[in-house]
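Participant: Read off the chains here:
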Amino acid sequence: MGSLSVAVAAVNETELVTQAQRGDRNAFGELVCIHAQGVRNVIYRMCGNAQVAEDAAQETFIQAWLHLSSYRHETSLRNWLYRIAVNAAIDLLRKEKHILPHDFEDLPTIDSHPGPEALLSQTERTTLVQHTIISLPDASRAVLILREYEELSYHEIADTLEIPVGTVMSRLNYARKILKEKLEGSLLLQVEAEYVKAR
Amino acid sequence: MSKHVSEWLNAYHDGELRSNRLHHVETHLAECELCQAELESLESLSGLLQEVPTPKFTPVERFASQVNLRLPHKQTAISRRQILEISWWMIPVGLLAVWIFIGTSFFISDILSAAKYLGLLRGISDWMAFGPSNDIYLSATLSQLGLLSGNSLRWAESTEAFTRMSLPLISLQISIALLYLSWIAIWWTRHMRHQRQQPGQLLEG
Numbered sequence: 001m002g003s004l005s006v007a008v009a010a011v012n013e014t015e016l017v018t019q020a021q022r023g024d025r026n027a028f029g030e031l032v033c034i035h036a037q038g039v040r041n042v043i044y045r046m047c048g049n050a051q052v053a054e055d056a057a058q059e060t061f062i063q064a065w066l067h068l069s070s071y072r073h074e075t076s077l078r079n080w081l082y083r084i085a086v087n088a089a090i091d092l093l094r095k096e097k098h099i100l101p102h103d104f105e106d107l108p109t110i111d112s113h114p115g116p117e118a119l120l121s122q123t124e125r126t127t128l129v130q131h132t133i134i135s136l137p138d139a140s141r142a143v144l145i146l147r148e149y150e151e152l153s154y155h156e157i158a159d160t161l162e163i164p165v166g167t168v169m170s171r172l173n174y175a176r177k178i179l180k181e182k183l184e185g186s187l188l189l190q191v192e193a194e195y196v197k198a199r
Numbered sequence: 001m002s003k004h005v006s007e008w009l010n011a012y013h014d015g016e017l018r019s020n021r022l023h024h025v026e027t028h029l030a031e032c033e034l035c036q037a038e039l040e041s042l043e044s045l046s047g048l049l050q051e052v053p054t055p056k057f058t059p060v061e062r063f064a065s066q067v068n069l070r071l072p073h074k075q076t077a078i079s080r081r082q083i084l085e086i087s088w089w090m091i092p093v094g095l096l097a098v099w100i101f102i103g104t105s106f107f108i109s110d111i112l113s114a115a116k117y118l119g120l121l122r123g124i125s126d127w128m129a130f131g132p133s134n135d136i137y138l139s140a141t142l143s144q145l146g147l148l149s150g151n152s153l154r155w156a157e158s159t160e161a162f163t164r165m166s167l168p169l170i171s172l173q174i175s176i177a178l179l180y181l182s183w184i185a186i187w188w189t190r191h192m193r194h195q196r197q198q199p200g201q202l203l204e205g
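Those sequence lines, one after another, are chains G and V.
Under our numbering, the first sequence has 14 at position 14, and the numbering climbs by one with no breaks.
Under our numbering, the second sequence has 200 at position 200, and the numbering climbs by one with no breaks.
FYI, nobody ran anything at the bench for these hints, they're computed from the structure.
Every residue gets a Cβ at the ideal spot worked out from N, C-alpha and C, and that includes glycine.
Careful: at least some of the hints might be erroneous.
Which residues of chain G face chain V? A partial, calculated answer using Cβ under 8 Å [stated by the list, open to error]:
#: 1; residue: Cys33
#: 2; residue: Gln37
#: 3; residue: Phe61
#: 4; residue: Val129
#: 5; residue: His131
#: 6; residue: Ile134
#: 7; residue: Tyr154
With the C-beta cut set under 7 Å, the calculated list includes, among others, these residues of chain G facing chain V [what the hints assert, rightly or not]:
#: 8; residue: Val32
#: 9; residue: Trp65
#: 10; residue: Thr126
#: 11; residue: Gln130
Assemble the whole structure, with the sequences as input and the hints as a guide.
Facilitator: Below, the structure written as structure tokens:
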């Protein structure tokens, strides 16, 4: 049943894309609704600023609208949009270096009822992790984000970024290695202890 | 104990290994504490990354409306681009049409000339057909100067007539072929540039 609904959704999306390619703005609007969250997430993970992610996501969809005629149905629309989104984020970071995350308000806490000490600790933790992610090279960061947050397979990442699967693996290994090195001294040991305890 | 499987742990952790490789890694992990620790470290890292939440974005419908307001009027742009695109693709079609027209014209002219030579076009104006006899000025001049006579004159007349008839056709066909090849070269350049400039293809490196 699940696979059937996925197939139906894919057919509907294909139909919407075809209509949008003919200039149907409403069909494109529906596509925006379907993919807005994913695109904004990817950009936010890439640049760490919610407002910038909103703006860049809008720009991503405008670019998609303008280049929709060059979109081919062999590629997943999501992957195609993610490709534009990743590049929009990278361009943005190159142009405006000051948008790196510095605002704790951008980072909501996970626990709905944390104590004051835990809240501070958690906020610091997420901020540190996010800063460390953003310090990664663009190419490795993009692969890491698509894998860890969007849960794309290696082949999907390769398709999205138009790189070989081997490159996906090497960039992912590199990104994780750097993250581990940078976080090892502080957070990772703590998290590992929590993880082992939870098991 | 088999060789460490560090290089495959990421793929194992991501569920990307299949068949023999998967079996090999699992077997090794069962007996290697070092690789087990590395895998745990990877799992912890993933857990840590998941702790970074996404912020509350604008509701999707509102976001879609904002995007819709910013969408340029694509139809005008498309129409202009379509005209350019159609014109571009009309170039080889036009060249082909010219080539067919020239070929047909020369073919008809040859038929009319042959018909005239056989006396089938008596009473019809000369402009409809032209034959080699009218165009062998150089051979006639050389003959009058006494430089050509007999067989050599006939050979020269035939060659000159053939050249006068065929040279324009060959020249035109070569020109058309060159134009067509130029079009293909430009098309190829545009195609390669377009592939490089497609959105989302800038990440490599």
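Participant: Each hint: holds or not?
Facilitator: Verification of the hints:
no., hint, verdict
1, Cys33, "holds, 5 Å"
2, Gln37, "holds, 6 Å"
3, Phe61, "holds, 5 Å"
4, Val129, "holds, 5 Å"
5, His131, "violated, 10 Å"
6, Ile134, "violated, 11 Å"
7, Tyr154, "holds, 5 Å"
8, Val32, "holds, 4 Å"
9, Trp65, "holds, 5 Å"
10, Thr126, "holds, 5 Å"
11, Gln130, "holds, 5 Å"
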